[in-house]
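The chain contents come next:
There are 2 protein chains.
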Amino acid sequence: MSKLYVVGLGPGSVNGMTGAAKAALEQADVIVGYTVYIDLIRAQVPDKPVLTTPMRQEVERVRLALKTAAEGRTVAMVCSGDAGVYGMSGLCEELSSEYPGVEIQTIPGVSAVLSGAAILGAPLMHDFAVISLSDLLTPWEKIEKRLLAAAEADFVICLYNPASHKRRDHLKRACELVLRFASPKTVCGIARNIGRDGEQTQVLTLEELKDTEVDMFSTVFIGNSETRIINGKMVTPRGYIHE
Amino acid sequence: MSKLYVVGLGPGSVNGMTGAAKAALEQADVIVGYTVYIDLIRAQVPDKPVLTTPMRQEVERVRLALKTAAEGRTVAMVCSGDAGVYGMSGLCEELSSEYPGVEIQTIPGVSAVLSGAAILGAPLMHDFAVISLSDLLTPWEKIEKRLLAAAEADFVICLYNPASHKRRDHLKRACELVLRFASPKTVCGIARNIGRDGEQTQVLTLEELKDTEVDMFSTVFIGNSETRIINGKMVTPRGYIHE
Numbered sequence: 002m003s004k005l006y007v008v009g010l011g012p013g014s015v016n017g018m019t020g021a022a023k024a025a026l027e028q029a030d031v032i033v034g035y036t037v038y039i040d041l042i043r044a045q046v047p048d049k050p051v052l053t054t055p056m057r058q059e060v061e062r063v064r065l066a067l068k069t070a071a072e073g074r075t076v077a078m079v080c081s082g083d084a085g086v087y088g089m090s091g092l093c094e095e096l097s098s099e100y101p102g103v104e105i106q107t108i109p110g111v112s113a114v115l116s117g118a119a120i121l122g123a124p125l126m127h128d129f130a131v132i133s134l135s136d137l138l139t140p141w142e143k144i145e146k147r148l149l150a151a152a153e154a155d156f157v158i159c160l161y162n163p164a165s166h167k168r169r170d171h172l173k174r175a176c177e178l179v180l181r182f183a184s185p186k187t188v189c190g191i192a193r194n195i196g197r198d199g200e201q202t203q204v205l206t207l208e209e210l211k212d213t214e215v216d217m218f219s220t221v222f223i224g225n226s227e228t229r230i231i232n233g234k235m236v237t238p239r240g241y242i243h244e
Numbered sequence: 002m003s004k005l006y007v008v009g010l011g012p013g014s015v016n017g018m019t020g021a022a023k024a025a026l027e028q029a030d031v032i033v034g035y036t037v038y039i040d041l042i043r044a045q046v047p048d049k050p051v052l053t054t055p056m057r058q059e060v061e062r063v064r065l066a067l068k069t070a071a072e073g074r075t076v077a078m079v080c081s082g083d084a085g086v087y088g089m090s091g092l093c094e095e096l097s098s099e100y101p102g103v104e105i106q107t108i109p110g111v112s113a114v115l116s117g118a119a120i121l122g123a124p125l126m127h128d129f130a131v132i133s134l135s136d137l138l139t140p141w142e143k144i145e146k147r148l149l150a151a152a153e154a155d156f157v158i159c160l161y162n163p164a165s166h167k168r169r170d171h172l173k174r175a176c177e178l179v180l181r182f183a184s185p186k187t188v189c190g191i192a193r194n195i196g197r198d199g200e201q202t203q204v205l206t207l208e209e210l211k212d213t214e215v216d217m218f219s220t221v222f223i224g225n226s227e228t229r230i231i232n233g234k235m236v237t238p239r240g241y242i243h244e
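Protein sequence lines correspond, in order, to chains A and B.
Numbering of the first sequence is given in this note's numbering, commencing with residue 2 and proceeding in unit increments.
Numbering of the second sequence is given in this note's numbering, commencing with residue 2 and proceeding in unit increments.
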């Protein structure tokens, strides 16, 4: 039985990796990943062979990893954040039946919903929904339905892929949908370049967020009806104080 | 300006900690936390003074941490998983105004929604909602509303605190609500003792989950309409294969 580790590297820097992720890289004979992520960990594995594929070629990359493992080598496939959140671990599991004898183990990492929340303050003290605004693999109608449901039920909402190359108005449209149920004064936050050079946060209202342009390095948070600004940070009270 | 690090330790073992979490423990003069979590990291900080408080005394523990930091010492307050998810970082921010001069920094960790997903397979490849079934700080009506909204909009659902000491039927009631919109055959999963001795997973249908008793060391996942079982694992396809 050969092994494919699907490793989430956490936010930008090596500091965000878990011990388990480091151990998987050390155990691997070969590292597979998109070039940008390989660069992040190159210093950790200076002597390991690396197989890279261009961006967007997810199926090819996963097949390459599975094929290499099926040949008897231990492989670590690396992803930013957590490979289990809109990541490659699902595709690895889906294609694994074509490569019997390869055992897949996902090593979880700190995804942007957690690392972004940490630099913004404490927005996730209450129930939350994570929604990707990318309609590359999901019909926009389904995304709309989820945004409306999350807003109506007063979830804190975290938006992945808030900006796309093709459509520039996804975030604006998402805010308009949420505004059907939420106050324009709802506290929101943007976390950008989390854990990397140029890390930035911005706390603003939902009304302001609607007219704000974000880039693909941003993760967006929309508070629930109780989220407040405390010392410039975005905080959703949990209610302990009033117990 | 003195510093309070609010540190998420990730799942059970030290292996689940990030480099940033380890660094915060090393920089701290004093460690504050609930006894069980201190035990997990004792070997990492053999010589540091430790302040513990009993379980449930969240407000007292946070005040102790803030007061110690206000006296000029660097403090690391430790939590399991991620302190930013139903954790202590919100309360620290809320009470911080009473202790001016203390800077709070949350160090995110791998929360059970991520670590549980990793051992179950890949359930979070699509939009998901995280809901706590504890009605200690949230009215049950609000929890019900969120369960119904998440089910109707076909979110993958992750349930924290699926079992309580007082009420044993929370999970059953949650499943009944989700069943109003989801098929009884919906793929579900239970992750128990994640990253610790006795780690266990179980994959089952929503119908079966409804009549299953879980304990407080369990995190429960309810798939969306597309979640499947692949090689015994719980996998929500993302759609790359059919692009």
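Note that these hints are calculated values from the structure, not bench results.
Be a bit skeptical, because a hint or two may be false.
Claimed, not checked - Calculated lysine-lysine pairs in the DSSO-like style (CA-CA distance at most 30 Å, straight line): (1) A:23 to B:146; (2) B:211 to A:186; (3) A:143 to B:23; (4) A:173 to B:4; (5) A:143 to B:143; (6) A:211 to A:186; (7) B:23 to A:49; (8) A:186 to B:23; (9) A:173 to A:186; (10) A:211 to B:143; (11) B:4 to A:146; (12) A:23 to B:23.
Stated by the list, open to error - Residues of chain B placed beyond 12 Å of chain A at every Cβ, according to the derived structure: (13) 39; (14) 40; (15) 51; (16) 180; (17) 203; (18) 206; (19) 214; (20) 215.
We put the beta carbon where it would ideally sit given N, CA and C, even for glycine.
Tested hints:
no. : hint           : in the structure
1   : A:23 to B:146  : violated, 41 Å
2   : B:211 to A:186 : violated, 39 Å
3   : A:143 to B:23  : violated, 41 Å
4   : A:173 to B:4   : violated, 37 Å
5   : A:143 to B:143 : holds, 23 Å
6   : A:211 to A:186 : holds, 11 Å
7   : B:23 to A:49   : holds, 26 Å
8   : A:186 to B:23  : violated, 38 Å
9   : A:173 to A:186 : holds, 15 Å
10  : A:211 to B:143 : holds, 27 Å
11  : B:4 to A:146   : violated, 42 Å
12  : A:23 to B:23   : holds, 14 Å
13  : 39             : holds, 18 Å
14  : 40             : holds, 17 Å
15  : 51             : holds, 21 Å
16  : 180            : holds, 17 Å
17  : 203            : holds, 17 Å
18  : 206            : holds, 19 Å
19  : 214            : holds, 23 Å
20  : 215            : holds, 19 Å
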